[in-house]
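If you read the sequences in order, they're chains A and B.
Remember, this note's numbering sits 1 above the position in the first sequence when you count from 1.
Remember, this note's numbering sits 262 above the position in the second sequence when you count from 1.
Hints should not be assumed to be uniformly reliable.
[What the hints assert, rightly or not] Just a few of them, taken from the derived set where beta-carbon distance is under 8 angstroms, the chain B residues facing chain A:
| hint | residue |
| --- | --- |
| 1 | G302 |
| 2 | R303 |
| 3 | A347 |
[Claimed, not checked] Pairwise CB distance ranges, derived in the manner of DEER restraints:
| hint | chain 1 | residue 1 | chain 2 | residue 2 | range |
| --- | --- | --- | --- | --- | --- |
| 4 | B | Q371 | A | T15 | 39 to 47 angstroms |
| 5 | A | P62 | B | S313 | 42 to 50 angstroms |
| 6 | B | N280 | A | V115 | 26 to 34 angstroms |
Keep in mind the hints are simulated off the structure, nothing from the lab.
Glycine is no exception: its CB is placed at the ideal position from the N, C-alpha and C atoms.
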Amino acid sequence: DAGVTQSPTHLIKTRGQQVTLRCSPKSGHDTVSWYQQALGQGPQFIFQYYEEEERQRGNFPDRFSGHQFPNYSSELNVNALLLGDSALYLCASSLGHNPGNTMYFGEGSWLTVV
Amino acid sequence: SQQGEEDPQALSIQEGENATMNCSYKTSINNLQWYRQNSGRGLVHLILIRSNEREKHSGRLRVTLDTSKKSSSLLITASRAADTASYFCASLWGRRALTFGSGTRLQVQP
């Protein structure tokens, strides 16, 4: 049973460019959340998708956008990259959007903006 | 902003000793969760304690919750070198988001 998978694992982008990160949830899960984790900090919530709609959003600018597909996989897009966007981007999946459901995290995508 | 804050920020102990990490949070919670993260990797869910529970055990882990003080603690007994990792507490923000503290970095010396 595959867990949460993310791609790519590492990437380097130039300031001003755009990036797309991908996430496949754990088998049977229908809810995907995205988090940004800067070095030495805890993860910060970006947004959550359920039934292909954004259900809750954290304090991130509109440069951060996402999408969920009918197979429950998800993409995170970041436009006009800034140096401060350099971070580990984590995807988490869960079954349903019940607040008590356990979230399973992927290994993350390391983004470096130069 | 992050609701939970862990204390201490870093902890170094010898193998076999117990490790205690504390977490404080700001608003009312339905439950509080603890996660572990090996360096640069994804987070692994360790344990969830509900607001009506005061203590919970899972293997070598013991979690306590004091809602009157808005605090929780994670105790790892008989620590092993493999326990070396960062530990985060997390609580719900809104209905769906987890909000994390900045973590405790635990180093267990063999």
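Taking the hints in turn, this is what the structure says about them:
1. G302: holds, 7 angstroms
2. R303: Since the shortest Cβ distance to chain A is 6 angstroms, the answer is holds.
3. A347: violated, 13 angstroms
4. B/Q371 / A/T15: 39 to 47 angstroms: Holds, since B/Q371 and A/T15 (Cβ atoms, about 41 angstroms apart) stay within the stated range.
5. A/P62 / B/S313: 42 to 50 angstroms: With Cβ atoms ~33 angstroms apart, the hint is violated.
6. B/N280 / A/V115: 26 to 34 angstroms: violated, 43 angstroms
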